[in-house]
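Guided by the hints, dock chain B onto chain A, whose structure is given.
These are the residues of each chain, in order.
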Amino acid sequence: MSTVTLTIDGRQVTVPEGTSLLHAAQEIGVEVPHYCYHPALSAPAQCRLCLVDVEGAPKPMPSCVTQAQDGQVVRTDDGLAREMRKGVLEFYLINHPLDCPICDQSGECKLQDYVHSEGRAHGRGIEPKRVFGRDDFGGDVLFYGDRCVMCTRCVRFMEEMAQDPVLTVVERGDRAVIDTFFEQGLRDSPYAGNIVDICPVGALVSKDFLHKARAWDLDHTPSVCPNCSQGCNIDIHTRDNVVHRLKPRENPEVNGHWMCDYGRGRYEWMNRGDRIEEPFVRGDGGWSAPGWHAALASLRERLEACRGPVRAVAAAHASNEDLAALRELMDRLGGGDIVYRSPRAPDEVPLPGFPVLTRRRDLAPNTRGAELLGLRRVGSDDATGGLEEVAAGAGALIALADELADQPEDFGSRAELFVYLGAHPAPAARSAHFVLPVTTFAEQEGTFTSVQTRVQRFEPALRAAGHAQPAWQVLGSLAASLAGRPAPASASEVFDRLAAGVPEYEGLSYDRIGARGTAVDRPAALAGER
Amino acid sequence: MSGPARAPFRNPGWAGNVGEFDLSEADVRGTDFVGERPLDGGHPSVAPSYPYMLPGKDPGAVLFEGPYRERFEKIRSRYPTARGALLPTLNLAQELRGHISPETMDEVAALLGLPMAEVRGTVTFYTMYNKRPVGRFLIQVCTNISCSLCKGEEVLNAFLRHTGTELGETSRDGDFTVIEVECLAACGFPVAVQINSRYYENVLPDDVPALLQRLREHGE
Chain A
156 MSTVTLTIDG
166 RQVTVPEGTS
176 LLHAAQEIGV
186 EVPHYCYHPA
196 LSAPAQCRLC
206 LVDVEGAPKP
216 MPSCVTQAQD
226 GQVVRTDDGL
236 AREMRKGVLE
246 FYLINHPLDC
256 PICDQSGECK
266 LQDYVHSEGR
276 AHGRGIEPKR
286 VFGRDDFGGD
296 VLFYGDRCVM
306 CTRCVRFMEE
316 MAQDPVLTVV
326 ERGDRAVIDT
336 FFEQGLRDSP
346 YAGNIVDICP
356 VGALVSKDFL
366 HKARAWDLDH
376 TPSVCPNCSQ
386 GCNIDIHTRD
396 NVVHRLKPRE
406 NPEVNGHWMC
416 DYGRGRYEWM
426 NRGDRIEEPF
436 VRGDGGWSAP
446 GWHAALASLR
456 ERLEACRGPV
466 RAVAAAHASN
476 EDLAALRELM
486 DRLGGGDIVY
496 RSPRAPDEVP
506 LPGFPVLTRR
516 RDLAPNTRGA
526 ELLGLRRVGS
536 DDATGGLEEV
546 AAGAGALIAL
556 ADELADQPED
566 FGSRAELFVY
576 LGAHPAPAAR
586 SAHFVLPVTT
596 FAEQEGTFTS
606 VQTRVQRFEP
616 ALRAAGHAQP
626 AWQVLGSLAA
636 SLAGRPAPAS
646 ASEVFDRLAA
656 GVPEYEGLSY
666 DRIGARGTAV
676 DRPAALAGER
Chain B
28 MSGPARAPFR
38 NPGWAGNVGE
48 FDLSEADVRG
58 TDFVGERPLD
68 GGHPSVAPSY
78 PYMLPGKDPG
88 AVLFEGPYRE
98 RFEKIRSRYP
108 TARGALLPTL
118 NLAQELRGHI
128 SPETMDEVAA
138 LLGLPMAEVR
148 GTVTFYTMYN
158 KRPVGRFLIQ
168 VCTNISCSLC
178 KGEEVLNAFL
188 RHTGTELGET
198 SRDGDFTVIE
208 VECLAACGFP
218 VAVQINSRYY
228 ENVLPDDVPA
238 LLQRLREHGE
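For the protein sequence lines, the chains are A and B, in the order given.
Okay, so the first sequence: first residue is 156 according to this note's numbering, each after it adds one.
Okay, so the second sequence: first residue is 28 according to this note's numbering, each after it adds one.
Errors might be hidden in some of the hints.
25 Å max Cα-Cα, derived DMTMM-like pairs, lysine to aspartate or glutamate [stated by the list, open to error]:
1) B/Lys158 <-> A/Glu543
2) B/Lys158 <-> A/Asp291
3) B/Lys158 <-> A/Asp290
Worth flagging that the hints you see were computed from the coordinates, not collected in a lab.
Looking at chain A on its own, in the form it has when it is part of the complex (with noise of 0.2 Å):
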């Protein structure tokens, strides 16, 4: 490919031919302000901010869409430049209702941002502002039509990623406003969310965050969706160790810049309150909560002493390593066979501009891990029954991370050593003779692997409740001991040991995963998903 060489800011840069000015200015680490350029949507320049000063040009460029030629001269921090920003981000303010304090884009606002930088110190408009108020748009959108820049970043979403057009420009001039067809609303649109995310400023919010926490308290913590066996990156938003919301982080081979609103809105569930907190032991007395170390002795003996074929049941939901920790513990038992149940949609939604993010049928985020490890679904597609054979034999039951929340209070009671690892207090708990506190992912490290065959790792955004500790940690140790091996420090130590065991997963480690995952290479298994 030809490329060409300019200069921008005094600093020559070269890139390949057709890149635009907005690019190449990236490249050398120049951010040139703009609104309605998105990378991932058309550009149809017309919010006038990334206009640039280009020698030899009669008046300023738009970055956005003016190709980089060989030997051009552009100034996007000069005298013009900055003056012309300046004159264009006064115009943006003269009806913008300047509510910050009130406005939950406050903190992450470009208008916000670029005005502080570089626009006038102090408003010179005396005229009253026109008022336009608040529409809801239907599902999770709230629309603030004077906070509004109209760089229809959100209609060239609904046209061109949702391909479901029914947002416009209403009426013309200042009364422009972002607008359906009337009462009609979004319709549900399974990816409306995204305008959100896209709106450079505070016209369109997300119901379900408004007025929950400024911008600036918020922890950002990079993951993965755990909400299908897609495995969209996102960031989990934290504050004061409660989630308050997802956001997609992006990553061109599985969700570009986006995220279904399916999976956006079941982030509740990682705030539960009703924890098991302490390990606890029910021996003939009864309960005793004895703390770790005295109930992982206590387990290992009673481990080491149970005849006879041992089973597990686990959730999809459980991170590989989880699973790696127990597939071990069971090895390391004479082997036994792992079920796992999950949840399954009816059918997958796509999103139509960019197909390779689909919200998938399978509602559980490492299904493929799962498999990958031997793992065997059984019960229905809503991750209820099936159990009847693992809870009918003797010997030694485990059930990890799998609520139970479907089956009796004596589930476990024909087994004779039953152990619940779990975070969540369930009927079925009651007949196990240890109950031990695991986190859950949004509290531990470790990885996923997608539906594409791709392993993508998620840190720790919350504390771990009380004394729970990760699923691998405690099997992990549990194993190594009955082996006569040193416990795991880290899930990285334990995804290596995987690694080693699982032939697709061979080579990998936790820094060749890198940030934005890795995709196993198994051209033929992925060739059938599609």
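Chain B alone, transformed into the frame defined by chain A:
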């Protein structure tokens, strides 16, 4: 008002009629453009451009039937995309119904296979689509620079006073809707007033009662 005596009011004032020449509208525009226009639009090349805003309006008219269906088909055939045919189709709908209601937008969107939201965006962008019902005569008074210098506001107020309506409202008898418009592109003949599809030029506040009387009695 002093000065030379003005020619008697002789509107309808086609462009250029300052009352000094004894020319008919046909003399100026040519006979092809005067008289009855075919409802089916005539030749397809001119079907989209026929005048609209006729006094006869039926808000319940069907979109489209009879000659209007023919005209719609001709319009559609002249544009490569449905989107291109949107404006003339809306013109036609407004000619029939007098205004573009949300239901009309919905029907036009269905006719052309366009998103409803896009039709709404288009209709609201253009000011010459009436979003509400208007009277038999839609009186548009220019108050832009030239007309304003020649008492455009006074002409506007005269229309409001003599029709007994508020700006943008329709008179009680359903005859008149008076609105203020920006430039009508007749700056040489202020004050310019457009009533339905016809221009009335050089209008003075004193002309208004006679003009309204003429409209009441003879139509346009």
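**Request:** State the violated hints by number, sorted upward, taking the hints as numbered earlier in the document.
**Result:** Structure breaks hint 1 only.
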